[in-house]
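Visitor: The task is simple: from the sequences and hints, build the whole structure.
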Amino acid sequence: MHPVAENIQQVFPEAFQRAVEWRGDLTIHVQREHLHAVCRYLHDNSDMDYDYIVHVSSVDWPDQPERFEVVYEVYSIRRRARIRVKARVPEDDCVVDSMTDIWKGADFMEREVYDMMGIRFRHHPNLVRILMPDDYPEGFPLRKDFPLRGKGWRDTFPFIGEKTT
Amino acid sequence: MAYLLEDQRTTVYKVDPAHPESPSLPTLRTEEMMLNMGPQHPSTHGVLKVVLALEGERIVKAIPVLGFLHRGVEKLAEDGTYHQFIPHTDRLDYICAMYNNFAYCRAVEKLMDMTIPPRAEYLRTIVAEVQRIIGHLFWLGTQALDIGAMTVFFYTFRDREILLDFFDELCGARLTTSWYRIGGVERDLTPDLVEKLRRFVEYFPPKIDEYVAFLETNRIWLARTKGVAVISAEDAINFGLSGPTLRGSGIDYDLRKVEAYAAYGECEWAVPVGANGDTYDRYWVRIEEMRQSRNMIQQLLEKIPDGPVMASVPSVTLPPKEKVFNDLASMIQQFKLFSQGFQAPKGEIYCGTEAAKGELGFYIVSNGEGKPYRLKIRAPSFIHMGAFDYMARGYMIADIVTIFGTYDIVMGECDR
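Protein chains in written order, with my numbering: chain D, 1 to 165; chain H, 1 to 416.
Just so you know, not all the hints are guaranteed correct.
Said to hold, decoys possible - One-sided and incomplete, this derived list gives chain H residues near chain D with beta-carbon spacing under 7 Å:
no. : residue
1   : Gly67
2   : Leu69
3   : Asp79
4   : His83
5   : Phe239
6   : Phe338
7   : Tyr350
8   : Ile383
What the hints assert, rightly or not - Restraint ranges, calculated between C-beta atoms of paired labels, are given here:
no. : chain 1 : residue 1 : chain 2 : residue 2 : range
9   : D       : Pro62     : H       : Gly172    : 37 to 43 Å
10  : H       : Gln340    : D       : Asp63     : 35 to 41 Å
11  : H       : Pro305    : D       : Phe157    : 54 to 60 Å
12  : H       : Ser232    : D       : Pro158    : 47 to 53 Å
13  : H       : Gly307    : D       : Glu6      : 41 to 47 Å
14  : H       : Lys346    : D       : Arg122    : 50 to 56 Å
15  : H       : Ser232    : D       : Asn45     : 20 to 26 Å
16  : D       : Lys144    : H       : Gln343    : 16 to 22 Å
17  : H       : Ser339    : D       : Asp63     : 21 to 27 Å
18  : H       : Thr217    : D       : Asp49     : 40 to 46 Å
Stated by the list, open to error - Okay, derived cross-link-like pairs now, SDA-like style, lysine to any residue, Cα gap no bigger than 25 Å in a straight line:
no. : chain 1 : residue 1 : chain 2 : residue 2
19  : H       : Lys61     : D       : Val128
20  : D       : Lys151    : H       : Lys257
21  : H       : Lys346    : D       : Glu21
22  : H       : Lys371    : D       : Phe159
23  : H       : Lys61     : D       : Asp101
24  : H       : Lys257    : D       : Ala81
25  : D       : Lys104    : H       : Arg393
26  : H       : Lys371    : D       : Asp145
27  : H       : Lys346    : D       : Asp101
28  : H       : Lys49     : D       : Asp145
29  : H       : Lys207    : H       : Phe154
30  : D       : Lys144    : H       : Gly80
31  : D       : Lys104    : H       : Leu54
32  : D       : Lys151    : H       : Val73
33  : D       : Lys104    : H       : His70
No lab work stands behind these hints: they were computed from the structure.
For every residue, glycine included, the Cβ atom is placed at its ideal position computed from N, Cα and C.
Guide: In structure tokens form, the structure reads like this:
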């Protein structure tokens, strides 16, 4: 196993689930209750030093018991190392702790995940829609059960009228 | 004077009402004003609205309202094959379409674990650096125009036009290029195009000196860029800024150097790094990057090896266009790739590429089918907007256009 993954496993034995290395990318899966603590450790510990947030993302697996996957990808500028941390979130309680207190850049990225996938972030300072309109009524467009053409809200716009078929 | 308080960030003095020597001022009613800027302000580089909370002319809060150009590109990606997504990437950062193609193709190649022929790698690097020069010329012209220096705009656009004509001859389009392919590039440079690039390489350095002479002898340019939109190195990292915006704060982080992908390891070049993290340093970094890009193009044109411009992996790469209608096997290959796509292995990758604006990354999750299961675009413009409020606070309302411009923001990429 990768030394960073081994280190995480030793420090957080209850949180660590598994580590995957594929195509040179290191991914570790953790319990979502401990996601914030693991990220805090990755950022603050001087051996880890993951100070740069690359992206926050989410994946929808509708057929699996814990439906959503939240992905944080972070980078260490000093060590030139990248790591991906993932946690599973069930549909009926899709909440994880926000990382905005660790990486300020997570603010907009988490808002986008909320907007697109409907995953909420606890203690986020301003968790509102960012790319979709504030009054968007159709739910969360990047979920797999959302049709590509939308759910018909667009056809009700008066300026589109009868032209759409 | 002792009763004046200095505002650290902007060196503007305010009267301290608690100080005994303060002159008595008439009490005026003050209130915070909300101002909507946009969504169609001509200098916002796209359709962006900013809600400003103002105290007089000073910005208390600047809230960017995004999404006016949201087209659901990530959702569309899940509906098409890997090849079909390439034209969509043109429309992300439409100023630097080549770079988006490059970043996407690199990500898919990492997913497929492919090797690219050396000539294709060189061509990719040369064209990417041409695109970087175009992007920086565009930025320099519009940023100077926003601040009020109109002349530079005409000069940079004159030179940008030469390179856009080059693209036009290369792939038939000036902006939406789609020239990169998974596994290589669409076609080779003709000798005529190589000659054109050689002439440009000779022509360009005095022109950079010309822009610099225009701007750095201009007191207004200096006054409006030095000390404006300052961000420290720690904050820049913490916000996830990238590209010239990060390097202007003194962080030596450039993926072209760190990963040395394509042919970046084959030529001599340096990463320009600023010191103060203000708009002027970011401007300086971009000017130096144009010089470096020009040097890279010159070196790579000398060293470029012969060979194919496309990897030959029939299950993944497209057949040459001229064979598609004349050769049965190639036609079947083309048909299969566009109707079903190729089966990517199960797994997920992230691949970042240093685009003109910053780190453009693609995070692709594949479940073994012919389409991406999930495709996430790490757009530098979007992440830079996250730091906008932090960087704008305390400055004057007139600085807002400078602060937008300093990120080199393009809304097509920001909203996706």
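Visitor: Of the hints stated earlier, which fail here?
Guide: 2, 4, 6, 10, 14, 20, 22, 27, 28
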